[in-house]
Amino acid sequence: MRRKKLSILTCYVMLMTFLLCGVPAWGQTTSQPTTSTQASPAPAMSSGLAVKDASPPSADQMAKGDPSGTLTGTVNDVPVSNPKVGLTLGDAVNQIGQNKVAINFVWTLVTGFLVMFMQAGFALVETGLCRAKNANHTMMMNFMVYGFGLFAYWVCGFALQMGGVGAVANLGGTAPLSGEFSLNLAGKAWGLFGTHGFFLTQGGTYDVAVMVLFLFQMVFMDTAATIVTGAAAERWKFAAFAVSSVFLAAITYPLFANWAWGGGWLAALGTNFGLGHGYCDFAGSGVVHAVGGLSALAVSIIIGARIGKYNRDGSSNAIPGHDITMVLLGCFILAFGWFGFNPGSTLGASGNGALRIGSIAVNTMLAGATGSFGAIFYMWVRYGKPDASMSGNGLLAGLVAITAPSGFVNTISAAIIGLVAGLLVCLSVEYIDRVAHIDDPVGAISVHGAGGLWGVISVGLFADGTSNYGGSWNGVNGSVTGLFYGDPGQLVAQLMGVATLLGCIFALSYVLNVLVDYFIGQRVSPQAELEGLDIPEMGALGYPEFVLKMQASGMAGAGA
Amino acid sequence: MKFMGLLLTVGGWLLPVAGLTWTSSLAVRLILCLIGIAVTLTGILGFLNPAYLKDAVWKK
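Chains A and B supply the protein sequences, listed in that same order. Here the first sequence stands for residues 588 to 1147, where the numbers follow the numbering used here. Here the second sequence stands for residues 14 to 73, where the numbers follow the numbering used here.
Keep in mind that the hints are not guaranteed to be accurate.
Below are the DMTMM-like pairs computed for lysine to aspartate or glutamate, each with C-alpha atoms no more than 25 Å apart in a straight line [what the hints assert, rightly or not]:
1. B:Lys73 to A:Glu1118
2. A:Lys651 to A:Asp664
3. B:Lys73 to A:Asp900
4. B:Lys15 to A:Asp900
5. B:Lys15 to A:Asp1104
6. B:Lys72 to A:Asp664
7. B:Lys67 to A:Glu1017
8. B:Lys73 to A:Asp664
9. B:Lys67 to A:Asp900
10. B:Lys72 to A:Asp1020
11. B:Lys72 to A:Glu1118
12. B:Lys72 to A:Asp900
13. B:Lys73 to A:Asp1104
Simulated coverage check for chain A against chain B, where a stretch passes if three residues somewhere in it have a Cβ under 8 Å from a Cβ of chain B [as the list claims (entries may be wrong)]:
14. 884 to 894
15. 1019 to 1032
16. 1078 to 1088
Everything labelled a hint here was simulated from the structure, so no lab data went into it. Backbone N, C-alpha and C define an ideal beta-carbon position, used for all residues, glycine too.
Generate coordinates for the entire structure from the input sequences, incorporating the hints supplied.
What follows is the structure, given as structure tokens:
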């Protein structure tokens, strides 16, 4: 009996010992670190996959139709590189990569189409703010700036701007864009302009990714070019406009755009001189709007004010536009197109932080809305009425200002940026008109010039350091951060951009337009201006069935 | 006056650019930027624009 009890006890102890020692072993997963010799080797890319395990639908099932969509888009749609082997891991991984690039291609192209449609918005805004006798001419400038700008940009503008941008990861590489002309000064490389991509052929740029990038960048350039037509409206010779637009598309815009986006020296302020992440301009407050606005300033100074705008004592006369409904409709079209402008600047919806597109779009909406609030509040308090055209300009100013910081700020900052822009545009319009005596029929200098510069500065103030577009920006690791979130260097980089816009880009635009004035003449004759540019410049009235005020009264007046 | 305005405009840009190579102090670079911007604006609005306003159509 005693022996039996000992045996049972021994077996019990042995069993418990086994269990207690075994549990840790059982509790361990198969992911116990092992040496490389012990780990299972990764499957070869050429290894076949068991397609049947993915349960693809049969031909009989597909023949019956697929109303729910659950049978469409399966393993059967993955291309097989070697039919003898069948679907391999390499095939599947390649398809994943192509899907990412395809998503980004579609995103960039569709947003580019939206930006192209903004041309219609600009045309409506500018024509509505001009007098009816100039409607055909103003519309035609906005219509043809698309063609003139596109041609010049295709010939050389894109190459100068993006010829050396290097690989754009979201678009699958853009490897041919590898030529950047740089000067070596003070031990640093100062990128000045690109050298690949003339006629979208030279330098191996007949490339699918380059085509996508070209379309997207071209519509941005055209936005800058069309801004000038508003400031010089009602007295600009069509021929002078054409040549001036070609200069902007071919030289002025691409130069600054290269410095900011094409791998040039402004973007390299971070890597070269430790100034934050270098000049940062997410979608172009500086590159597009300030370039356009300051070019408009140069042309307006050269061309002078419209007849009847100012009295001998310098006091200003209001010359109202002929169709405010057209103006506000144009503003809405612009606001819609801006959903392509800012969110599209991620150049993708997959990878490298591109999922921030929703945040960027909301920032855009908010800044536009608060911009209109700022303007309407200012006008209502100052003049007793909420002015429609300034409300529209306030919306546009907010949108312009948020363009640079849209990818780097939160919604509260976006609202503040827009509100300040709305107030700023009103102050700027008054200064430009009444103090500087520069005639700007549509407020382009204030909306795009002043608003654009404010947008550039806002990045240096409000960037909150939460964005992550692949772990770095302009070659500097980390997120773009402004002064209010701890990086004063970013503000200095932005101010360098402001100084460059004012001191270099304005000066270049001024010199080029002085040449246009010398060889062609910028301004129409006084007789043509008083008659309205539709007949003298375009040969046809914009509204041939309507009797214009000056014809009805029998007077050739400045205000009609 | 136009030439002076153009000179000030470009000079106001070159000042902070050159300053990048003169100093690594963030404060000095910031001050040079602000001075440069002020000089360019003076060149544009204080010299260049008034030069054209002398012959403005509304003064004739």
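A quick look at each hint next to the structure:
{"no.": "1", "hint": "B:Lys73 to A:Glu1118", "in the structure": "20 Å, holds"}
{"no.": "2", "hint": "A:Lys651 to A:Asp664", "in the structure": "18 Å, holds"}
{"no.": "3", "hint": "B:Lys73 to A:Asp900", "in the structure": "11 Å, holds"}
{"no.": "4", "hint": "B:Lys15 to A:Asp900", "in the structure": "23 Å, holds"}
{"no.": "5", "hint": "B:Lys15 to A:Asp1104", "in the structure": "15 Å, holds"}
{"no.": "6", "hint": "B:Lys72 to A:Asp664", "in the structure": "74 Å, violated"}
{"no.": "7", "hint": "B:Lys67 to A:Glu1017", "in the structure": "21 Å, holds"}
{"no.": "8", "hint": "B:Lys73 to A:Asp664", "in the structure": "76 Å, violated"}
{"no.": "9", "hint": "B:Lys67 to A:Asp900", "in the structure": "13 Å, holds"}
{"no.": "10", "hint": "B:Lys72 to A:Asp1020", "in the structure": "16 Å, holds"}
{"no.": "11", "hint": "B:Lys72 to A:Glu1118", "in the structure": "21 Å, holds"}
{"no.": "12", "hint": "B:Lys72 to A:Asp900", "in the structure": "8 Å, holds"}
{"no.": "13", "hint": "B:Lys73 to A:Asp1104", "in the structure": "20 Å, holds"}
{"no.": "14", "hint": "884 to 894", "in the structure": "holds (count 6)"}
{"no.": "15", "hint": "1019 to 1032", "in the structure": "holds (count 3)"}
{"no.": "16", "hint": "1078 to 1088", "in the structure": "holds (count 7)"}
In summary, the numbered hints that this structure violates are 6 and 8.
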